[in-house]
Amino acid sequence: ETGVTQSPTHLIKTRGQQVTLRCSSQSGHNTVSWYQQALGQGPQFIFQYYREEENGRGNFPPRFSGLQFPNYSSELNVNALELDDSALYLCASSRDTYEQYFGPGTRLTVT
Amino acid sequence: GNSVTQMEGPVTLSEEAFLTINCTYTATGYPSLFWYVQYPGEGLQLLLKATKADDKGSNKGFEATYRKETTSFHLEKGSVQVSDSAVYFCALDSNYQLIWGAGTKLIIKP
Numbered sequence: 122e123t124g125v126t127q128s129p130t131h132l133i134k135t136r137g138q139q140v141t142l143r144c145s146s147q148s149g150h151n152t153v154s155w156y157q158q159a160l161g162q163g164p165q166f167i168f169q170y171y172r173e174e175e176n177g178r179g180n181f182p183p184r185f186s187g188l189q190f191p192n193y194s195s196e197l198n199v200n201a202l203e204l205d206d207s208a209l210y211l212c213a214s215s216r217d218t219y220e221q222y223f224g225p226g227t228r229l230t231v232t
Numbered sequence: 032g033n034s035v036t037q038m039e040g041p042v043t044l045s046e047e048a049f050l051t052i053n054c055t056y057t058a059t060g061y062p063s064l065f066w067y068v069q070y071p072g073e074g075l076q077l078l079l080k081a082t083k084a085d086d087k088g089s090n091k092g093f094e095a096t097y098r099k100e101t102t103s104f105h106l107e108k109g110s111v112q113v114s115d116s117a118v119y120f121c122a123l124d125s126n127y128q129l130i131w132g133a134g135t136k137l138i139i140k141p
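Sequence lines, in order, name chains A and B. Residue numbers for the first sequence follow the working numbering, beginning at 122 and rising by one. Residue numbers for the second sequence follow the working numbering, beginning at 32 and rising by one.
Be a bit skeptical, because a hint or two may be false.
Heads up, simulated SDA-like pairs for lysine to any residue below, C-alpha to C-alpha not over 25 Å straight-line [stated by the list, open to error]:
#	chain 1	residue 1	chain 2	residue 2
1	B	Lys87	A	Arg216
2	B	Lys136	A	Pro225
3	B	Lys87	A	Tyr219
4	B	Lys87	B	Asp115
5	A	Lys134	A	Tyr219
6	B	Lys136	B	Val113
7	B	Lys136	B	Ser63
8	B	Lys136	A	Gln165
9	B	Lys83	A	Pro225
10	B	Lys136	A	His131
11	B	Lys91	A	Leu188
12	B	Lys136	B	Glu94
13	B	Lys91	A	Glu220
14	B	Lys83	A	Glu203
15	B	Lys80	A	Gly161
16	B	Lys87	B	Asn53
17	A	Lys134	B	Pro71
18	B	Lys80	A	Gly149
19	B	Lys108	B	Gly60
20	B	Lys83	B	Val113
21	B	Lys80	A	Lys134
22	B	Lys80	A	Asn151
23	B	Lys80	A	Glu203
24	B	Lys99	A	Asn151
25	B	Lys140	B	Lys99
26	B	Lys136	B	Thr59
27	B	Lys87	B	Gly72
28	B	Lys87	A	Glu220
29	B	Lys80	A	Gly124
30	B	Lys136	A	Asp205
31	A	Lys134	A	Leu188
32	B	Lys80	A	Ser148
33	B	Lys80	A	His150
34	B	Lys80	A	Asp217
35	B	Lys136	A	His150
Keep in mind that the hints were calculated from the coordinates and are not lab data.
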């Protein structure tokens, strides 16, 4: 059974640019959640996708957007990057909205 | 709103010492409670969980009991090892999202 995978592992972008992060969910899972983890802090919920529809959203501006594909993989897009967007972005998948399994994360640095 | 509060770290212990990491929560209803562990450079791994009051979650020698009366879910281990050094996060399930504590860094010295 393949676990949750994320790509890329690390990414460096310049302020104002756009970025796309990718997540492949675990086999049999239909729900993907995205979290932002700033250095030294707990994760903050960005949004969740269930069967290709947004199922909930945290306190993040609209320049954070997402997508879920028919195979339940997902993308997180961030436009107009700001320095404060530098963080570890975590993807978690689950069967419906049950126990979440996390990927290794993508480390985004905005300069 | 729902929230989780953890004891601040770092917590530094000697190998074989007894570990307690405190976690309290504020929530409407009775959410599921979790402990996750994050090893250096890695993602989050579920350590244990409890889904209702008085449930005890356990894994790899770690335990935590869901205490409704004190709204707590403290993590304990009887004898820690150097390999337990990591950051530990307490979290609760709030509908479709997890609400997290700030994390407690645990350092175990040989």
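Here is how each hint holds up against the structure:
Between the alpha carbons of Lys87 of chain B and Arg216 of chain A the distance comes to roughly 23 Å, so the proposed pair stays at or under 25 Å and holds. The straight-line distance between the Cα atoms of Lys136 of chain B and Pro225 of chain A is roughly 18 Å, inside the 25 Å bound, and the hint therefore holds. About 18 Å separates the Cα atoms of Lys87 of chain B and Tyr219 of chain A, which keeps this hinted pair within 25 Å; it holds. With a CA separation close to 20 Å, the supplied pair Lys87 of chain B and Asp115 of chain B stays within the 25 Å bound.
Of the supplied pair hints, the one linking Lys134 of chain A and Tyr219 of chain A is violated, its CA atoms being roughly 34 Å apart against a limit of 25 Å. As the CA atoms of Lys136 of chain B and Val113 of chain B are separated by approximately 13 Å, the hinted pair is consistent with the 25 Å bound. With a C-alpha separation of about 23 Å, the suggested pair Lys136 of chain B and Ser63 of chain B falls inside the 25 Å cut-off, and the hint holds. Between Lys136 of chain B and Gln165 of chain A, the direct Cα distance comes to roughly 18 Å. Compliance with the 25 Å bound is thereby established for this hinted pair.
Under the criterion of a C-alpha separation no larger than 25 Å, the hint pairing Lys83 of chain B with Pro225 of chain A is inconsistent with the structure, at around 29 Å. The straight-line distance between the Cα atoms of Lys136 of chain B and His131 of chain A is roughly 23 Å, inside the 25 Å bound, and the hint therefore holds. With a C-alpha separation of about 36 Å, the suggested pairing of Lys91 of chain B with Leu188 of chain A is violated against the 25 Å cut-off. A C-alpha spacing of about 17 Å is found between Lys136 of chain B and Glu94 of chain B, which places the hinted pair at or below 25 Å, so the restraint holds.
Simply put, Lys91 of chain B and Glu220 of chain A have alpha-carbon atoms about 18 Å apart, close enough for the 25 Å limit, and the pair holds. Among the hinted pairs, Lys83 of chain B with Glu203 of chain A is inconsistent with the structure: their alpha-carbon atoms are about 41 Å apart, more than 25 Å. Between the alpha carbons of Lys80 of chain B and Gly161 of chain A the distance comes to roughly 23 Å, so the proposed pair stays at or under 25 Å and holds. Taken as a hint, the Lys87 of chain B and Asn53 of chain B pair is honoured in the structure, with Cα atoms around 15 Å apart against an allowance of 25 Å.
At most 25 Å may separate the alpha-carbon atoms for a hinted pair to count; Lys134 of chain A and Pro71 of chain B meet this at roughly 23 Å. A hinted pair counts as satisfied when its Cα atoms are at most 25 Å apart, and Lys80 of chain B with Gly149 of chain A qualifies at roughly 21 Å. This hinted pair does not check out: Lys108 of chain B and Gly60 of chain B have alpha carbons roughly 28 Å apart, beyond 25 Å. Taken as a hint, the Lys83 of chain B and Val113 of chain B pair is broken in the structure, with Cα atoms around 32 Å apart against an allowance of 25 Å.
In summary, the hint linking Lys80 of chain B to Lys134 of chain A is not supported, as the alpha carbons are separated by about 37 Å, beyond the 25 Å threshold. Distance restraint check for Lys80 of chain B and Asn151 of chain A: the Cα-Cα separation of roughly 21 Å lies within the 25 Å cut-off, and the hinted pair is therefore satisfied. Proximity of Lys80 of chain B to Glu203 of chain A is assessed by CA-CA distance (about 36 Å); at most 25 Å being required, the pair is judged violated. Simply put, Lys99 of chain B and Asn151 of chain A have alpha-carbon atoms about 31 Å apart, too far for the 25 Å limit, and the pair is violated.
Among the hinted pairs, Lys140 of chain B with Lys99 of chain B is inconsistent with the structure: their alpha-carbon atoms are about 34 Å apart, more than 25 Å. Taken as a hint, the Lys136 of chain B and Thr59 of chain B pair is broken in the structure, with Cα atoms around 28 Å apart against an allowance of 25 Å. Simply put, Lys87 of chain B and Gly72 of chain B have alpha-carbon atoms about 29 Å apart, too far for the 25 Å limit, and the pair is violated. A distance of roughly 17 Å separates the Cα atoms of Lys87 of chain B and Glu220 of chain A; the hinted pair therefore holds under the 25 Å criterion.
For the proposed pair Lys80 of chain B and Gly124 of chain A, the alpha carbon gap of about 19 Å is at most 25 Å, so the pair holds. Of the supplied pair hints, the one linking Lys136 of chain B and Asp205 of chain A holds, its CA atoms being roughly 23 Å apart against a limit of 25 Å. Annotation: proposed proximity of Lys134 of chain A to Leu188 of chain A holds, straight-line Cα distance about 21 Å (limit 25 Å). Taken as a hint, the Lys80 of chain B and Ser148 of chain A pair is honoured in the structure, with Cα atoms around 22 Å apart against an allowance of 25 Å.
Between Lys80 of chain B and His150 of chain A the CA atoms are separated by roughly 19 Å; this keeps the pair inside 25 Å, and the hint holds. Our distance criterion of 25 Å between C-alpha atoms is met by Lys80 of chain B and Asp217 of chain A, whose separation comes to about 18 Å. At roughly 31 Å between alpha-carbon atoms, Lys136 of chain B and His150 of chain A are farther apart than 25 Å, so this suggested pair is violated.
Hint compliance for this structure: hints 5, 9, 11, 14, 19, 20, 21, 23, 24, 25, 26, 27, 35 are broken, all remaining hints hold.
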